[in-house]
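Enquirer: In case you want the letters, here they are:
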Amino acid sequence: KAGVTQTPRYLIKTRGQQVTLSCSPISGHRSVSWYQQTPGQGLQFLFEYFSETQRNKGNFPGRFSGRQFSNSRSEMNVSTLELGDSALYLCASSSTTGPYNEQFFGPGTRLTVL
Amino acid sequence: AQSVTQLGSHVSVSEGALVLLRCNYSSSVPPYLFWYVQYPNQGLQLLLKYTSAATLVKGINGFEAEFKKSETSFHLTKPSAHMSDAAEYFCAVGDQGAQKLVFGQGTRLTINP
Numbered sequence: 001k002a003g004v005t006q007t008p009r010y011l012i013k014t015r016g017q018q019v020t021l022s023c024s025p026i027s028g029h030r031s032v033s034w035y036q037q038t039p040g041q042g043l044q045f046l047f048e049y050f051s052e053t054q055r056n057k058g059n060f061p062g063r064f065s066g067r068q069f070s071n072s073r074s075e076m077n078v079s080t081l082e083l084g085d086s087a088l089y090l091c092a093s094s095s096t097t098g099p100y101n102e103q104f105f106g107p108g109t110r111l112t113v114l
Numbered sequence: 001a002q003s004v005t006q007l008g009s010h011v012s013v014s015e016g017a018l019v020l021l022r023c024n025y026s027s028s029v030p031p032y033l034f035w036y037v038q039y040p041n042q043g044l045q046l047l048l049k050y051t052s053a054a055t056l057v058k059g060i061n062g063f064e065a066e067f068k069k070s071e072t073s074f075h076l077t078k079p080s081a082h083m084s085d086a087a088e089y090f091c092a093v094g095d096q097g098a099q100k101l102v103f104g105q106g107t108r109l110t111i112n113p
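Those protein sequence lines, which keep their order, are chains G and V.
According to the working numbering, the first sequence is numbered sequentially starting from 1.
According to the working numbering, the second sequence is numbered sequentially starting from 1.
Worth flagging that the hints you see were computed from the coordinates, not collected in a lab.
Every value quoted in this text rests on a predicted model; they were computed, and no experiment measured them.
No residue lacks a Cβ here, since even glycine has one placed at the ideal position from N, Cα and C.
Short, incomplete list of chain V residues facing chain G, as computed with Cβ under 10 Å:
(1) Phe34
(2) Tyr36
(3) Gln38
(4) Gln42
(5) Gly43
(6) Gln45
(7) Leu46
(8) Ala92
(9) Gly94
(10) Asp95
(11) Gln99
(12) Lys100
(13) Leu101
(14) Val102
(15) Phe103
From the structure, some residues in chain V lie toward chain G, with a derived Cβ separation under 8 Å:
(16) Leu44
(17) Lys49
(18) Gln105
(19) Gly106
Based on the sequences and whatever the hints tell you, model everything.
Expert: Next up, the structure:
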């Protein structure tokens, strides 16, 4: 079974631009979560989607948004990029919901904002 | 709110020595706890998880962790370190009401030959 895939793996943008990151979950997984990883703040939860609905959202500004499609693939968008948005963005999928269901992580998209 | 504290941002051990990575949690309800490992330029891989079935949890690659409610701890151990264990390790607690993980700051493990 293929793992979680994220595209692109690396991205360089300039301040003020917007960016869209893509995540394809493991086949059959309906829950997709997004996390931001930075050296200063560590790993922080962005949001989670299940059956095309955002069920939970972390403490991030409205510039960060996402969506999920009927095939469970998910995208996240960051508008008006700031230097502080430079990070590794990780996507994780899970077969069912619940606090102890394993989340399988993708390799991440490394975003650099210049 | 749930939280996790990992004691020691860097741990260095010799090959063959005991590995001990510390994690303490804060949770008002019985926690669901996880240890993940991250190798350079990769995502996170689950090592093991605690879901209240047993206090001593065995994971992959020879790692295990013991849940101690009285100490609110979930330390990760491995009897004999291998060079391939060099990585960053994250302890996390699962949010009861959401498919959401709250992570500790991570511990970078270095193995000396």
